[in-house]
Amino acid sequence: MERTLRIDPKDPRPIWRQIEEGVRNLVAARTLPAGAAIPSVRDLARELQINPATVSKAYQRLTDAGVLAVRRGDGTYVADSPPELSNNQRAARLGEAALRYAAFAATLGASREETVEGLEEAWSRLRVDETEEPGGEA
Amino acid sequence: MTGFLAVLKREVVERRLLALASLVGLFPFLLPLLPGGDRAHAAEVRSVAALALAAVVGGILAFLLGGAVIGRDLAERRLGFYFARPLAGWAIWAGKLAAAFLLAVGAAALVLLPTAVVDGIGDGGLRQAWMGGAAAVLLAPLALAVLVVAADVVARMARSRSPWLVLDLAGLAAFAALVWTARRRLILAGANDIFTPGHQVPLVAVELAVAVLLPAAFLAMVAASAVAVIRARTDPRRSHRLLSITLWTILLACAVAFQAFSFWEIDATPTDLTAILETRAAPMGSWIAVSGPAAHRRGYVPRFLLDLGSGRFVRTFSFPPFPWWHSPDFSGDGRRAAWLEPQGVPGRSPFQLVTADLSRPGAPVAHRSIVFDSLPQTLVLSADGSRFAVDDRGRLMVSDLESGRLLASLPLARNSWPAPEVRFLGPGSPGFLRVFEIALREPLYGPDRAGEVAILDLDLATGRRSPEIHIPGGPAFPTWAVSPHGQRIVLRQGDGKDGPLVLFDAATGRHLADLTTPGTPAYPDFLADGRVAVVSRQPAGRDLTIFGPDGQRQRSFHFAARAVVLGGQPARDLLVVATSTANAEREDPAPWSSRLLDLATGGERALGSGLIPAAGSSAAPASAASRLFHRAGRGLVSLDPVTGRETTVLRTRG
Amino acid sequence: MTVLAVEELAVRYGDRLALDDVSLAVPAGAVYALLGLNGAGKSSLVRCLLGEQRPAAGRARIFGRDPWKERASILAEVGVVPEEPDAPPAMTARQLSRFCASLYPSWDEAGLRERLERFAVPQDLPFGRLSKGQKGQVMLSLALAPSPRLLVLDDPTLGLDPLARRSVFGELIGELADRGTTVFLTTHDLAAVEGIVDRVGILKAGKLLLDEELESLKRRFRRLSFAPAGEDAGRTPGLAELAPVAVAARGWGVEAVVSGYDEERFSLLRSGRGAGAPEVTSLSLEEIFLAVVGRPGPAQGESV
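Taken in order, these protein sequences are the chains called Z, Y and G.
Numbering-wise (this note's numbering), the first sequence opens with residue 1 and increments by one.
Numbering-wise (this note's numbering), the second sequence opens with residue 139 and increments by one.
Numbering-wise (this note's numbering), the third sequence opens with residue 793 and increments by one.
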């Protein structure tokens, strides 16, 4: 997992958020399949050379959101089933992220086409499986 | 404590290779075997060599380790390691210095070990080469400790390369200057026996070093070293600053205290005397010379000229270690006193004539430009104080006091002992000097010792000498007395030390009278009015026989006593005498009791016990000095023998 | 609970004021980095914290106590890694461990040995013969072995190669993960500590210019680049509200580092038309640091 999880100091997002969203991406891309083991706070912190508290915070949020699950005495794992969100909640969350992306693209002076292109490219990079998520849409 | 021990152990273990020093301890075994070695006294050679090597090895290690153990770590910024651990500052300081000390002592012991094992520590072994006593064995480690601390202080000063070094040098100079000037002040005043009174040879430098300087310096260095480490911690410059400030504050305080002490020590006044060893009265007037030990000032025996009337005093010089030498001489009219003072260190510098004018208020003291390379034995003033006679380098010199001009001189006989008696013959100036010289004939020692008195008159105006008059004395020479004005002389003659005393006329040498006494004549004395008194011994006691100026026997008194001391004549026919049933010293009045003798009637009156006349028979008749006594427990008192009224003149401290 | 604090700390060397009225506090479990150019006063502050120096004014407190007076008892719970490895050169790591073990209430000998083995540091070689990186590892191991509540590290990666640097911080992170030790460090290696620190203080010429959580710092500092409409770029309308720290002209326009960025103020600038095509990028800690200390100096009372 460490190979694809990187912290960018110049990224305006706080480190814990970068970790959180990075893990989310990996889970979404099935690079981290359901039930897979996650590196311990200690190990991830050492590898990334960041404060374990930061990793801990990210893991805590992911656990609260249901993306990760802690098995007592055993460590942290990807949850067996991804979090269930109501359609409204999911739409709201998606909308927030989309707005951020759109604003960012606008700042760069990108056109609508370029923006959508970028989004499509990112989606394919995640290699989302053809098989559908329950309630999802290809 | 754990920290201290941890540091100590660590420092010692790191340098355990110093145990190789023990190899040096094998060298003493080689010495006797070398060519030129002394095989016969091999054990002694080994002991001396072992002790010497141990001292050298211990000393070198103490110096090197002391300088490095803290100093190098501080300069190379390695002390931070210790200060970043839970180690108390004192533990770091003490642990390191103690390690240096233990290593030095241990190495020295290792050097001694082979010799100690083979020859033993007793008299057949190391003991024979050890010059100190048992106590000195403790001094050796103490010396190493001093060396360790001193090396630490000096090394830190040198390594810091900070301008505080200037302060150190200034502090050292100031300390040395203060100590030296204080010591010199004491020596010049004759107070240089303050640490060990009674020493024949003043050892001031050694005494000072041991008693004052070394302990003060050692403690100051220990304190400075510790404070600098504990407070300044890892900063070399701050460490040097604290080191210097602490060290010099303490040392200079000690030096200033020593200065103050030196001023206080010689600032004794007559009221500080705890006993009066010597009193001498001016022939006229109310001045006396007194000397004695001063309260709290061990070994310092000041001497004063004291005016009985006003209490005013003048300090004169008291020559250590024999303070009763060379008391001031008074002129016959009591208006002048003269004595000798060294211009520098006594015994190593010329002596200068000093006079006091007793007739003027304040008794002003004048240092004359008359100087002698060696201390004269005789110093006599003329009756009016204008001339003085002194023996200098084998010559008797008479000079004018004001100008220093030599009036006349004559060489003294080779075997002249004791010092010649001189009398200025007046009236008229410059007048004559009558010189009484005892010349001993060979052999000088032994029961056959014989001698004679040579009397001559020296014309001070022309320098011419009159023909000598010789009066042979007996083998028990010298027992003699010269009359106050030099007109007559009493000598012991005959065989044995108990021969008769004979009175002669000094001008002509004519026999005047044999002074016969009950019992064996002991010693003669001239009374102030010209009469002669002779004390004689009997198994049952002592007798005092009074003779007239012409030698006619007048009266005899008998005392059941062992010792008799003559006092003065408070009135024409009265004489003070003190007796003691034991063989007592004059300095302590307690065993003496005084009585008043009536020379006209032969009567006696007791004056009291614990009382001894102070001024002796030279006091002028009816003078204040003739009424001066030492009273035990009180001091110098004036006792009117007629009225019995007693007033304390000089109270001695308890 | 505040593990480490200084209040109005001032340190003087002769006439020079090395630290001037510096106050900061580090709570338990936090990682605090004190940054500054050489000579800014970092070492003086660390010396006051470790009881090596007495402040001219103000107070230093560790565990609420005065490190000058109670140095030995406080240091029983503090691990110190100095800038220069200063262990006695003749002692081996084993001897050093034994020496230190007797001084602390607890000592993890096994953990220390394991750590040294892990980094291939020979334990029976005199300290003076170890490489710089190995020396650093030994010092760090000695500091960690007593399981301290607080770690004070004075430029722990000075002069180390990248691998050694990683290993030092790796150990540090492990310690943080295992025991939540409070860490106070000074460093020039800003890139390496960026991920680890919670809070940052920046010293310049003895004054503490800022003392802030890293997240908040990164939130409000941005680099803007735009083409100014007017002649005086510094007076571009809307720019002042963003609290510019440095404004520099470039070939293509102007670059400004601002310390008061938020979305609203930026959109005001954008809409104000004083700045053409404004772009905004985030700054790394190093860039923030350079911008802050690169300034000639804050005006009296001004903060950054």
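Derived from the structure by calculation, the hints contain no laboratory data.
Since we're looking at a predicted model, the values are computed, not measured.
Each hint should be verified, as a subset may be incorrect.
Just some of the chain G residues that point at chain Z, by a computed CB distance under 7 Å [said to hold, decoys possible]:
(1) F961
(2) G962
(3) E986
(4) E1007
(5) S1076
Under the rule of at most 30 Å between Cα atoms (straight-line distance), these lysine-lysine pairs were calculated in the DSSO-like manner [stated by the list, open to error]:
(6) Z:K10 <-> G:K999
(7) Z:K57 <-> Z:K10
(8) G:K861 <-> G:K999
(9) Y:K147 <-> G:K861
(10) Y:K147 <-> G:K924
Just so you know, even glycine gets a beta-carbon here, dropped at the ideal spot from N, CA and C.
Worksheet entry | Index of numbered hints that the structure contradicts, given in increasing order | Going through the list in order, the structure violates no hint and respects every one.
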